[in-house]
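Q: These protein sequence lines map, in sequence, to chains A and B.
Here the numbering used here is used: the first residue of the first sequence is 1, the next is one more, and so on.
Here the numbering used here is used: the first residue of the second sequence is 1, the next is one more, and so on.
Fair warning: there could be bad hints in the mix.
A pair counts as met if it fits within one copy or between any two copies, since identical chains are not told apart.
Claimed, not checked - In the DSS-like style, the derived pairs of lysine-lysine whose C-alpha atoms are separated by at most 30 Å in a straight line are:
(1) K180 with K23
(2) K180 with K170
(3) K98 with K180
(4) K23 with K102
(5) K180 with K117
(6) K117 with K102
(7) K23 with K98
What the hints contain is simulated information worked out from the structure, not anything from laboratory work.
Protein chains: 2
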Amino acid sequence: MEEEPSRLLGFWLQMGVQLDQAKEILRRTPGILNSLLRDLPEAWTESNEGPETWSPFDVVGHLNHAEETDWIPRARIILEQGESGTFEPFDRFAMFDKFKGKTLRELLAEFESLRSKSLTTLESLNLDVALLARRARHPEFGVVTLSQLLSTWVVHDLGHVGQIVRVMAKQYGAAVGPWKAYLPVLSR
Amino acid sequence: MEEEPSRLLGFWLQMGVQLDQAKEILRRTPGILNSLLRDLPEAWTESNEGPETWSPFDVVGHLNHAEETDWIPRARIILEQGESGTFEPFDRFAMFDKFKGKTLRELLAEFESLRSKSLTTLESLNLDVALLARRARHPEFGVVTLSQLLSTWVVHDLGHVGQIVRVMAKQYGAAVGPWKAYLPVLSR
Numbered sequence: 001m002e003e004e005p006s007r008l009l010g011f012w013l014q015m016g017v018q019l020d021q022a023k024e025i026l027r028r029t030p031g032i033l034n035s036l037l038r039d040l041p042e043a044w045t046e047s048n049e050g051p052e053t054w055s056p057f058d059v060v061g062h063l064n065h066a067e068e069t070d071w072i073p074r075a076r077i078i079l080e081q082g083e084s085g086t087f088e089p090f091d092r093f094a095m096f097d098k099f100k101g102k103t104l105r106e107l108l109a110e111f112e113s114l115r116s117k118s119l120t121t122l123e124s125l126n127l128d129v130a131l132l133a134r135r136a137r138h139p140e141f142g143v144v145t146l147s148q149l150l151s152t153w154v155v156h157d158l159g160h161v162g163q164i165v166r167v168m169a170k171q172y173g174a175a176v177g178p179w180k181a182y183l184p185v186l187s188r
Numbered sequence: 001m002e003e004e005p006s007r008l009l010g011f012w013l014q015m016g017v018q019l020d021q022a023k024e025i026l027r028r029t030p031g032i033l034n035s036l037l038r039d040l041p042e043a044w045t046e047s048n049e050g051p052e053t054w055s056p057f058d059v060v061g062h063l064n065h066a067e068e069t070d071w072i073p074r075a076r077i078i079l080e081q082g083e084s085g086t087f088e089p090f091d092r093f094a095m096f097d098k099f100k101g102k103t104l105r106e107l108l109a110e111f112e113s114l115r116s117k118s119l120t121t122l123e124s125l126n127l128d129v130a131l132l133a134r135r136a137r138h139p140e141f142g143v144v145t146l147s148q149l150l151s152t153w154v155v156h157d158l159g160h161v162g163q164i165v166r167v168m169a170k171q172y173g174a175a176v177g178p179w180k181a182y183l184p185v186l187s188r
């Protein structure tokens with residue numbers, strides 16, 4: 001049992017480091033999306049992987065919707081309501097109606113502004129290791145922590161950037177000819 | 001047979017459009033890599049997916065090596081030697097020795113400069129539909145066209161951007177807790 005305090009200390013320290021690391025990514029995502037998509041022809045941004053799949057435009061819409069209804073709202077539920085708080089289910093398809101008629105350029109600019117506000121709010125929460133360990137109830141998973149929510153936010157960003165480049169790559173699935181065998185991104 | 005000319009015309013037009021579209025991506029990749037990785041802590045850029053896998057640093061090294069030895073050199077072989085030309089096999093692991101001791105910042109700056117040179121060269125080749133249909137021999141696949149090579153260049157860029165974000169996402173594979181179930185990027 002003698003190890004216990006130092007293991008715990010290591011755990012808390014790691015949490016602190018992880019929060020800084022997480023912010024490093026979260027603040028980059030608008031720039032990453034802009035460098036990938038801004039002013040790109042619609043042949044790249046409006047094409048998807050087939051029926052029931054998302055185009056890069058749809059993905060950016062989804063990220064915008066998550067920014068408004070998921071991450072910070074859920075962080076607040078954890079901090080304000082604790083385990084008696086339950087998240088609203090997140091609508092993963094809301095963007096199809098919500099952003100109809102917008103341009104990608106508008107969506108990218110909105111995302112940049114929404115993300116900037118989210119990061120300001122995150123900063124204002126003055127999270128420490130004790131707060132990061134706070135819990136609430138996920139409608140499906142049961143008890144989850146604030147630390148898990150923030151980590152999920154980062155992975156969600158990165159995963160959707162990965163989805164955007166995969167969707168774009170697939171537009172050239174036939175054009176690469178036999179090289180397809182060396183390009184695993186085309187078979188995902 | 002009456003359709004033949006217009007189908008061919010459509011094919012050639014598509015080739016032309018595709019070259020412009022391809023350049024749209026190729027010229028973005030240095031900026032995408034910079035927005036993803038420049039000045040990011042090494043915890044993100046030096047971590048990989050486990051033994052025998054690549055870190056973001058390794059991926060950028062691989063892209064640099066391809067820029068020097070693969071795309072433009074192979075395009076030249078196609079244009080200058082035609083079907084009697086055979087590509088040198090591309091060393092997919094050269095970067096492990098070649099870039100040892102470099103910083104990621106150096107590699108990113110070199111990639112930017114190499115890519116810019118590649119695009120200038122590509123422009124100077126004045127490719128038209130006839131040239132894009134030119135062929136050479138791939139050591140493994142047999143006959144391939146210049147159009148397929150250039151399409152592969154684009155997909156190779158996008159695929160490796162996807163790899164970088166996947167490798168980064170996996171650093172949080174445990175931290176997300178039960179949300180892993182909703183994050184397919186962690187299981188690829």
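Q: Would you mind marking each hint as holding or not holding in the structure?
A: Each hint, compared with the structure:
no., hint, verdict
1, K180 with K23, "between (36 Å within a copy, 20 Å between copies)"
2, K180 with K170, "both (10 Å within a copy, 25 Å between copies)"
3, K98 with K180, "between (36 Å within a copy, 27 Å between copies)"
4, K23 with K102, "both (28 Å within a copy, 26 Å between copies)"
5, K180 with K117, "between (42 Å within a copy, 26 Å between copies)"
6, K117 with K102, "within (21 Å within a copy, 37 Å between copies)"
7, K23 with K98, "within (27 Å within a copy, 32 Å between copies)"
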